[in-house]
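**Student:** Here's the letter readout for the chains.
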Amino acid sequence: MAETKTKSGTIVHPHYGCTVGAAYTVAAIKGGVPIANCGPGCMYKQFFLISFDNGFQGSAGAGGGNIPSANVGENDIVFGGTKKLDDLIRSSLAVLKGDLYVVLTGCSGELIGDDVESVVRKYREQGFPIVCAETGGFKGTNLTGHEIVVESIINQYVGDYDGEKEQGLVNLWFDVPYFHQNWRGDYLEIVRILRASGLKVNVLFGPQSGGAKEWKNIPKAQFNLVISPWVGLKTAKLLERKYGQPYLHIPEIPIGEEATTAFIRQVVEFAGISKRKSEAFIKEESELYYYFLEHFAEFFSEYWFGLPSQFAVIGDSAYTLAYTKFLASQIGMIPVKQIITDNPPPRYREKIAEYLHNLAEDVSVEPEFIEDGYLVEESLSNTDFGSGVPLILGTTWESDVAREKKGLLIEVGPPTTEEVAINKTYIGYRGAFTLLERIYSAAVGGK
Amino acid sequence: MAKKINLEMTSVENREMRLGTIIAWDGAASDLVKESDYEGRKEKKKGNDIPREKQGGCCGNGSKACRLCELKTPLNQQTMCANAIVECQIGNLTDCILIQHSPIGCAADNAWFNLAFKMGLTRRHKPVQNLKIFCTNLLEKDMVFGASDKLRQAIRDAKERFAPKAIFISMACATAIIGEDIDSIADEMEPEVGVPVIPLHCEGFRSKHWSTGFDISQHGVAQKIVKRNPKKQKDLINIVALWGTDYFTDILKPLGLRVNYMIDCANYDELAQASEAVATSTFCHTLGSYMATVLEQHFGVPQIDAPQPYGFAGTDAWLRAIAKIVGKEKETEEYIKSEHERVMPKILELREKFKGVKGFVMTGSAYAHGLISVLRELGIEVDGSVVFHHDPVYDGAAENQNSLKHLVDNYGDIPHYTVSKTQAYQLPQVFRRVKTDFVIIRHQGLAPEAAKLGIPALAMGDEHIPVGYDGMIRTGEILLDILARKRFNQVLQRHVELPYTKWWQSQDDPFILSKEPEILDKALSEKLKKKGA
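The listed protein sequences correspond, in order, to chains A and B.
Start counting the first sequence at 1; every next residue gets the next number (my numbering).
Start counting the second sequence at 1001; every next residue gets the next number (my numbering).
Treat the hints as calculated values from the structure; they're not laboratory data.
Just so you know, not all the hints are guaranteed correct.
[Said to hold, decoys possible] If the Cβ cut is set under 8 Å, some of the chain B residues that face chain A in the computed set are:
no. : residue
1   : 1107
2   : 1122
3   : 1123
4   : 1127
5   : 1148
6   : 1150
7   : 1161
8   : 1449
9   : 1513
10  : 1514
11  : 1527
Nothing here was measured: the structure is a model prediction, and the numbers come from that model.
For each residue, glycine too, the CB sits at the ideal point set by N, CA and C.
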């Protein structure tokens, strides 16, 4: 590839959607209905990067093609779009089943300055569970949008609370639904682990959630648990102010026995609950884990024909960190290029880099923060993977470079068009082996 | 004087203005043929004035322009837009670059068109590569202070990184609202980068139907890329297509023709030589009519005046029209005869298998007309269809391009013919009214809901499958696989609910909200009452 001297902030091969992509945050809440106060095309576009071309996840309920949309047209731009929005909300409430309706305003509505709040308020005052979020696409990524939407629901739907707190009840702030392609499986594994350790969990997204009514329980929780390097911290800080809840921030999503066991102990310690249940669970899971690991070790030690060792991860902050940590510290693979593409706020970057500097006693890697896919691929292309087969955990966009370097590409982030994700997880005790199966099936020649 | 497409302008008049396109209508196909008044509109396109009282299909009285009646729905759902269409056309050229001048969300479907692009390149035997669309990634401060410098830099980056043969700029809702002047920037930057820089005014809010984006893409290509001093290539025919498999070469080889596919998967030179071809045609008038008409009006390349090449009747007529242009009438008659004889045994076999089977088509407009012909050739009953828009006339306004009329005249009426822009919520009513064993779909968002109603879908991703004589066989064979999937859909139907309220599912008319909007108030007050109780 040609040397590039410029960096104008343009993006080729985007790794994230825009703010209004948080429609999928709403769709991930059981009974949640996103109402897009957007141009035609906005929901269609977000659908692809965040859901369809991201492991072909599909959707349940009011996602995908079911999302109501204002499809703002020229007349609405000129004369205002509130009448059309009013019609859309009224008909959506009647036609779509739901316990919580969230109006997301995109670029057009925000730029022409429609008074969305007053339209929405009218329905809220009548008794409908409806909120609105200012999610003009120019405000940033779908991760920013996720935080805006969560905050809007808390402020406008969950509301004030000055009742009792419930000891041992935790609000879980974790994967960004749909954006993280294995989010459904990831939530299952983390919730399984937390519950088995003696905690009660407010699950806010996905199949185990009680949906909108579970959101109403948020203020009752003893504390908030944020499992991510940065997404969710804003929410935790809001809840700290609003409901006086402390939060525990664990930047590394745990993968493998050692990390997961440490994770459990940290959470249980913070919650101050009895360790009896958690330690029994740790013992049981650890025995299982090493039973499987022993089997795997035979293949790993005796496979004659070479296995990949030096690896790159191209992904968001959370999973670049999680995958790199596990493969480097638990499997003994060598991290050579870690590129973080989700544009974390500058104040978190140093901390994220620090984690990657201290992966294990003698393992360290310097991450790069790049959003432009062209520069990502250029950097990857210039990476020395040593003599073995390069392993790249990345996205579809890295496929040209992977081919050029005769590498093994496993698609783990958006966009992913060569994997189908249904109920899959690469995290915790159980997911670690699914990840190893995926990598080494590919390494021994499986597709 | 016929109204000519104006290539001096950078923007294109919307379909709704140019053709009278509608996006919501419900009735029998034969009625839509009448109301569309293709003949009258054709005359008007030719510049012949028709007295108001002689114009057919006018909605209401008094208005100067004669417009088709159109339903208005308060509830709409996710659809495509013209900006997305430009991505799928211009963003899928192999050696030109599209810059989306927009916030990053407008590029969120790049990945989808990348998948289509790679499939298309494989089908056309070209080296597979990821598409390379730029997005200026505009942020809040750009909305306030303008983003022209970012665009200039993106143009320079595109030139430096990929040395493209041409650079296109697409407008988005946000950039149109803040008034970015992409025309001036294109003019200013063209000498600096030394290749054509082409502005495309395809902001999503501009047209009520995404297909205007096809016209905008084709307009840009015709304006700046198609050769002004062509050297005729007597064996070259333009086929305006998407990513379909190259079946047209097989069909047209006996007539001594080579196929020049445009726009998807083409390179600059292939687009440039469009003016050197002997004729232009397409697999779908919705897609191809604008390009064919521009090439006819401005470059003297005639468009094929025939029905689309589907089923026996359409394919016969289409081949004859091409034969006339290349002077191979006699050979073509023999070819048609031998093709009929070749495919007939297999078609008879398929007809036997499809006895009593019912089908349904949900696709773009003119393409649906072709698909329904193919299904009826196979003996499949088609009592209903949903098309995503309707053009009462095409830009070509040619004698034999009235595709809906061709369908109704040759294969009979479709009693439940619905024009509706990918509205999944209408499917419970649509499929209660019309029973079907499968649906053929293009465009996302409908098949998953049909699936929950127990109906398997053929997602016709390779749009050339039904084309020509072999197209009938190809379609039939794939449908046998799809029908077997019904078992999956029945499981789904038994266990998974639709996301729509009982109240809505109990309605019988998919357009009841258009006709009786007041029922919404009643539904809402009942919903509140129930909640209160």
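**Student:** Of the hints given before, which are not true for this structure?
**Tutor:** 2, 3, 4, 5 and 10
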